[in-house]
Amino acid sequence: MTRLLLTVAALCLLAANALAAGSYTVSVTQIVEHPALDAMRQGVADRLRDRGAEVVFNVHIAQGNMGTNIQIVNQIKGEKPDLVLAIATPGAQAAAQKIQDIPILFTGVTDPVSAGLVKDLQNSGGGNVTGMSDFSPMDQHVALILEIAPSAKTIGVIYNAGEPNSVVLVDKLTEEAAKAGLVVQGATIANSSGVFQAVRSLVGRADVIYIPTDNTAVSALESAVKVCTQTRLPLIAADVDSVDRGAIAAVAVDYYKMGLQTGDMAYRILVEGVAPGDMPVEFLEDLNLHVNTKAAAAMGVTLPEATITRAAKVVE
Amino acid sequence: MTSYALLGAIEQGFAYGLMVVGVYLTFRVLDFPDLTVDGSLPLGASVSAVAITAGHPPVLAVLMASGAGFMAGAVTGVLNTKFRILHLLASILTMIALYSINLRIMGRPNMTLLGQDTVVDWFAAASGLMPHVSTPLLFGLVCVAALAVLVWFLHTELGLAFLATGDNKQMITSQGVNTDTIIIFGVGLSNALVAASGALVAQNQGAADVNMGVGTIIAGLASVIIGETVFGHKTITRALIAALLGSILYRVAIALALGMRLGDFAITPSDLNLITALLVVIALVMPQIKARTKRIMAGRVK
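Protein chains in written order, with the working numbering: chain A, 1 to 316; chain B, 1 to 302.
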């Protein structure tokens, strides 16, 4: 009897589950293939699957081409998905411009307000768009810089002035640094081959080098590591992968975790039927600290014990 | 392919149509390979975005964009004719300079037009059609009007001198025409069209972005070549129409590649560039294969 009851209960649960999480179509627009962006996509898919939503993904990648980027939106309109997942700013902007009748969920967008995607972070406009920002927590980055180089007065930053996100990040860095009494010296680059020279130009003018989540600068991180090792300048990064490649430390967004959290937002829209306009923009609170003790030694820095114990990963 | 994707491809084909016609004018008519376009397309987008944000009517914004494009092209023309810098290099110099200039114009790398009135919204409201129908229609009308003016112009005396400049510089110089002026004007005109195209593209996609010009010349050349192969280029009118239709075919081909689903292995989104390159190679090789088969057939008949 008990077994029968249990079976019935289990069946009911299963049925409830099937009712709650049916089968859905999600069309993805992504501007380029890039480990961080791919990790976010994977996170969304994993979370939706783990929560029992059966989702078919149509993935479109524009290969960095803006013309293709907007064609993808038209492709997606024809697919009539239940949700559009826009990874990174250009895809989200094109989707928001063209699609009004399907929920759009963005992720990996640094500044959704200045990108015009939402009116404000509370999403008070009430449209069909919401999502997650990957904005680097600059106050924490400045704190980390001071933790590693307590006597620093000037932060040298390398970035591409053509990357919208980088410009916003450097502005925010300047603001947060000023609060801590620090000055920011920028060196801009147009392509990754400029990194070497840009870091050299900062030698003598900066006490510590910071590389934000700038695709161009990060792609040539090794040349920054080389200059910093030669001149014993501490190098701090904004993404944890750069720590494996030779930066001293980074406290950063984990893009896969970000994908998981975006997946929760997708679940609310798809399964629970929440309107995107009722969902504020979310940020990832759960950050990871990675440190590289070997790089620290090479750049003449002794990492505080507390920093090492706090780290989620220590590269030796 | 869904109707949205097809209409979308036509829309993109027309949006970039003015750019392709511009590329045709320099590449085929003036015999001037012009890479300025990678910079003048975002220039047009930037100028129109700033103009619209400042409250100017979107149509005026497109005209202002083409004016800026004309100046950019004229700079390339001057560098080439007056300072004797190789055309390819002259255009690369203008292109990289435009990157900084575009950043200056916008004051930032990406300027949103979401929520602003654009030509696209204006026409959708005026025509009362659905946006996915009205937009290709609007861009198509713009292209047809531009082509009509261009065809008229190329049959004027100045236009004929323009056509002759690329064909036979010596002959036209001996007729007392200053080819330098023609080249400066021609490259300017071409880039005016490209910048107007950039303005339309930005207003259509909801943002001007400093990186949106990357690959413009490739798309332009591919469209010109596909158009020539498929539609022929016997007269200048036919060649211009072929360039415009080539732009549409190119975008339809990309739409097909985007929608391709061939089971589990199959083609992934990352193969898109490879497929695009293959399509252009096919377009380039087809006429040669046709000619060769013709020769072989003729040989057999003998």
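Simulated from the structure, these hints should not be mistaken for laboratory data.
As the structure is a computational prediction, the values presented were derived from the model and not from experiment.
Errors might be hidden in some of the hints.
[Claimed, not checked] Just so you have them, the derived chain A footprint on chain B, three or more residues with Cβ under 8 angstroms:
no. : segment
1   : 18-31
2   : 100-111
3   : 242-255
4   : 280-291
[As the list claims (entries may be wrong)] Here are the in silico distance ranges between beta carbons for each label pair:
no. : chain 1 : residue 1 : chain 2 : residue 2 : range
5   : B       : 3         : A       : 113       : 30 to 36 angstroms
6   : A       : 280       : B       : 151       : 50 to 56 angstroms
7   : A       : 278       : B       : 218       : 40 to 46 angstroms
8   : B       : 89        : A       : 215       : 25 to 31 angstroms
9   : A       : 143       : B       : 128       : 55 to 61 angstroms
10  : B       : 122       : A       : 229       : 54 to 60 angstroms
11  : A       : 272       : B       : 281       : 45 to 51 angstroms
12  : A       : 154       : B       : 141       : 52 to 58 angstroms
13  : B       : 54        : A       : 300       : 48 to 54 angstroms
14  : B       : 31        : A       : 179       : 58 to 64 angstroms
15  : A       : 285       : B       : 122       : 58 to 64 angstroms
16  : B       : 85        : A       : 64        : 28 to 34 angstroms
Just so it is clear, CB atoms sit at the ideal spot from N, CA and C, and this is done for glycine as well.
Each hint tested on the structure:
Look at the segment 18-31 of chain B against chain A: 0 of its residues bring a Cβ nearer than 8 angstroms to a Cβ of that chain, fewer than three, so the hint is violated. Under the rule that three or more residues need a Cβ within less than 8 angstroms of chain A, the assignment of the segment 100-111 of chain B holds, with 4 such residues. Proximity of the segment 242-255 of chain B to chain A, defined as three or more residues with a beta carbon under 8 angstroms from a beta carbon of that chain, is established by the 3 residues found. Three residues within the 8 angstroms Cβ limit are the bar, and the segment 280-291 of chain B against chain A gives 0, so the coverage statement is violated.
Between residue 3 (chain B) and residue 113 (chain A) the Cβ separation comes to about 34 angstroms, which falls inside the hinted range of 30 to 36 angstroms. The beta-carbon spacing between residue 280 (chain A) and residue 151 (chain B), approximately 54 angstroms, falls within the hinted interval of 50 to 56 angstroms. The hinted range of 40 to 46 angstroms is satisfied by residue 278 (chain A) and residue 218 (chain B), whose Cβ atoms lie roughly 43 angstroms apart. Our hint of 25 to 31 angstroms for residue 89 (chain B) and residue 215 (chain A) holds, since their Cβ atoms are close to 28 angstroms apart.
Taking 55 to 61 angstroms as the suggested C-beta distance range, the pair residue 143 (chain A) and residue 128 (chain B) conforms, at roughly 57 angstroms. A C-beta distance of roughly 57 angstroms is found between residue 122 (chain B) and residue 229 (chain A), which places it inside the suggested range of 54 to 60 angstroms. Under the hint 45 to 51 angstroms, the C-beta atoms of residue 272 (chain A) and residue 281 (chain B), about 49 angstroms apart, fit the expected range. As the Cβ distance of residue 154 (chain A) to residue 141 (chain B) is approximately 56 angstroms, the hint placing it in 52 to 58 angstroms holds.
Checked against the given bound of 48 to 54 angstroms, the beta carbons of residue 54 (chain B) and residue 300 (chain A), roughly 51 angstroms apart, stay inside it. At about 59 angstroms, the beta-carbon gap between residue 31 (chain B) and residue 179 (chain A) stays in the expected band of 58 to 64 angstroms. Residue 285 (chain A) and residue 122 (chain B) have their C-beta atoms about 43 angstroms apart, which leaves the hinted 58 to 64 angstroms range violated. Evaluation of the 28 to 34 angstroms hint for residue 85 (chain B) and residue 64 (chain A) yields a pass: the beta carbon distance comes to about 29 angstroms.
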